[in-house]
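**Q** Full structure from sequences and hints, please.
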Amino acid sequence: MEKSNDSGPKLVEIDLNKLTIPELSRQRQQLEQEIALLQDSIYTLKMAQSKFQESKKSIEKAQKYEAGQLLLVPLTGSMYVDGQIAETNSFIINVGTGYYLKKDAEGAKDYFQRRLTYVTSQIEKIQAIGSDRNRIKDAIVSVMQAKIQTQIAQQQASKGKGE
Amino acid sequence: MAEQLQKEIQNEVEVLKKYEKEYKLQQQQRQQLNGQLNENEVVKTELDFVKGNEEVYKMIGKVLIKQDLVEAKQNVLKRMDFIKGEIKRIDNASTVTEMKLDDCRTKLTKLQQEMQQAQLASISKNKK
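Sequence order for the protein chains is C and Z.
With the working numbering, letter number 68 in the first sequence gets 68, and the count goes up by one each step, no holes.
With the working numbering, letter number 11 in the second sequence gets 11, and the count goes up by one each step, no holes.
Hints were generated in silico from the structure; no laboratory data involved.
Errors might be hidden in some of the hints.
Unchecked claim - Calculated cross-link-like contacts (lysine to aspartate or glutamate; reagent style EDC-like; alpha-carbon spacing at most 16 Å):
1. 102(C) <-> 48(Z)
2. 24(Z) <-> 104(C)
3. 58(Z) <-> 39(Z)
4. 7(Z) <-> 114(Z)
5. 64(C) <-> 106(C)
6. 100(Z) <-> 12(Z)
7. 51(Z) <-> 68(Z)
8. 109(C) <-> 68(Z)
9. 137(C) <-> 34(C)
10. 51(Z) <-> 106(C)
11. 56(C) <-> 106(C)
12. 102(C) <-> 54(Z)
13. 107(Z) <-> 12(Z)
14. 57(C) <-> 15(C)
15. 51(Z) <-> 34(C)
16. 84(Z) <-> 41(Z)
17. 107(Z) <-> 8(Z)
18. 125(C) <-> 34(C)
19. 73(Z) <-> 114(Z)
20. 51(Z) <-> 104(C)
21. 102(C) <-> 68(Z)
22. 109(C) <-> 46(Z)
23. 137(C) <-> 54(C)
24. 137(C) <-> 23(C)
25. 102(C) <-> 12(Z)
26. 44(Z) <-> 55(Z)
27. 102(C) <-> 55(Z)
28. 78(Z) <-> 41(Z)
29. 58(Z) <-> 68(Z)
30. 18(Z) <-> 102(Z)
Unchecked claim - Going by beta-carbon spacing under 7 Å, a handful of chain C positions derived as facing chain Z:
31. 95
32. 97
33. 98
34. 99
35. 100
36. 101
37. 102
38. 105
39. 109
Computed from a predicted structure; not experimentally measured.
Idealized CB from N, CA, C, for every residue including glycine.
**A** Printed below as a string of structure tokens:
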């Protein structure tokens, strides 16, 4: 996991004015790539979040049914057979790397709640890092613009002398 | 003179590209391993949460096979140790590649500066 170091932004700001324009632009590019990556991760995490939420909800739904209740089980998209619910309080959940756990409804819901809390905290962390990176990028862009302007001014001044 | 420099620069660019590719591959592998480690960590914490009435299965091929909880925990830990070892190996390799990349970049800037100087020299000669 990446940690946002507290001394990082300050150090960069001190350095910024000493960097040349190409160096600054390389830094900016790197930051932009990083920001895009972070946004991608947030998107993936949000997908995971909604999946966990859905799973949790479907357990709650399944709990409402009683054993012995009739239902139609889809064999294919268009063919169904009669079925009967055997048990409504036992779920097998995939916890990753090929491991599955058989839990009762409460245990399964607890699991999804744990995953949800974890994913949500990760999203918050990444968002914090993202806004941090955005701030640094903005600082770099403003320094870059200032440098470009002074360079243009210098060029014009030297031209004026030459004439 | 200029031609020779040009050739040297070209060679150096090739080498640089090769190292960049290597570095990128290492980063990708590192990321993949990190993901696997995270997944295993999640499984481990979940296995630690397992209560008496709950059962552990592992998907082998397409079937779920019941596992002993203690054994499953040990297997996950073993797997994590293996992945950590792999991450260390990749990290070492990528620091070496990073050093090579830095070397290559400094060499290239030096060559490019020489090239510029040579060009400037030839221009001023032509003017005379």
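**Q** Mind checking the CB of residue 99(C) against every CB in chain Z and telling me if the closest is under 7 Å?
**A** For residue 99(C), the interface hint holds, since the closest Cβ of chain Z sits about 5 Å away, which is under 7 Å.
**Q** Would you settle whether the hint for residue 100(C) is holds or violated, based on the nearest Cβ-Cβ distance to chain Z being less than 7 Å?
**A** holds (4 Å)
**Q** Take a quick look at whether residue 102(C) and residue 54(Z) sit within 16 Å of each other, Cα to Cα.
**A** holds (5 Å)
**Q** CA of residue 57(C) to CA of residue 15(C), is that 16 Å or under?
**A** violated (51 Å)
**Q** For residue 58(Z) and residue 68(Z), compute the direct alpha-carbon distance and say whether it is at most 16 Å.
**A** Cα-Cα ~10 Å, so holds.
**Q** For residue 64(C) and residue 106(C), compute the direct alpha-carbon distance and say whether it is at most 16 Å.
**A** holds (13 Å)
**Q** Keeping to a limit of 16 Å between CA atoms, is the pair of residue 102(C) and residue 55(Z) held or broken?
**A** holds (5 Å)
**Q** Hint check: residue 107(Z) vs residue 12(Z), CA-CA at most 16 Å. Holds or violated?
**A** holds (8 Å)
**Q** Hint check: residue 51(Z) vs residue 106(C), CA-CA at most 16 Å. Holds or violated?
**A** Distance of about 12 Å is within 16 Å: holds.
**Q** Assess, step by step, whether the Cα of residue 78(Z) is no farther than 16 Å from the Cα of residue 41(Z), and give holds or violated.
**A** holds (12 Å)
**Q** Would the hint on residue 101(C) stand, with a C-beta cut-off of 7 Å toward chain Z?
**A** Holds: closest Cβ of chain Z sits about 6 Å from residue 101(C), inside 7 Å.
**Q** Below or equal to 16 Å on CA atoms is what counts here, so check residue 100(Z) against residue 12(Z).
**A** Distance ~12 Å between residue 100(Z) and residue 12(Z) Cα, so the pair holds.
Hint violations for this structure: numbers 2, 8, 14, 15, 19, 23, 25, 38 and 39, all remaining hints satisfied.
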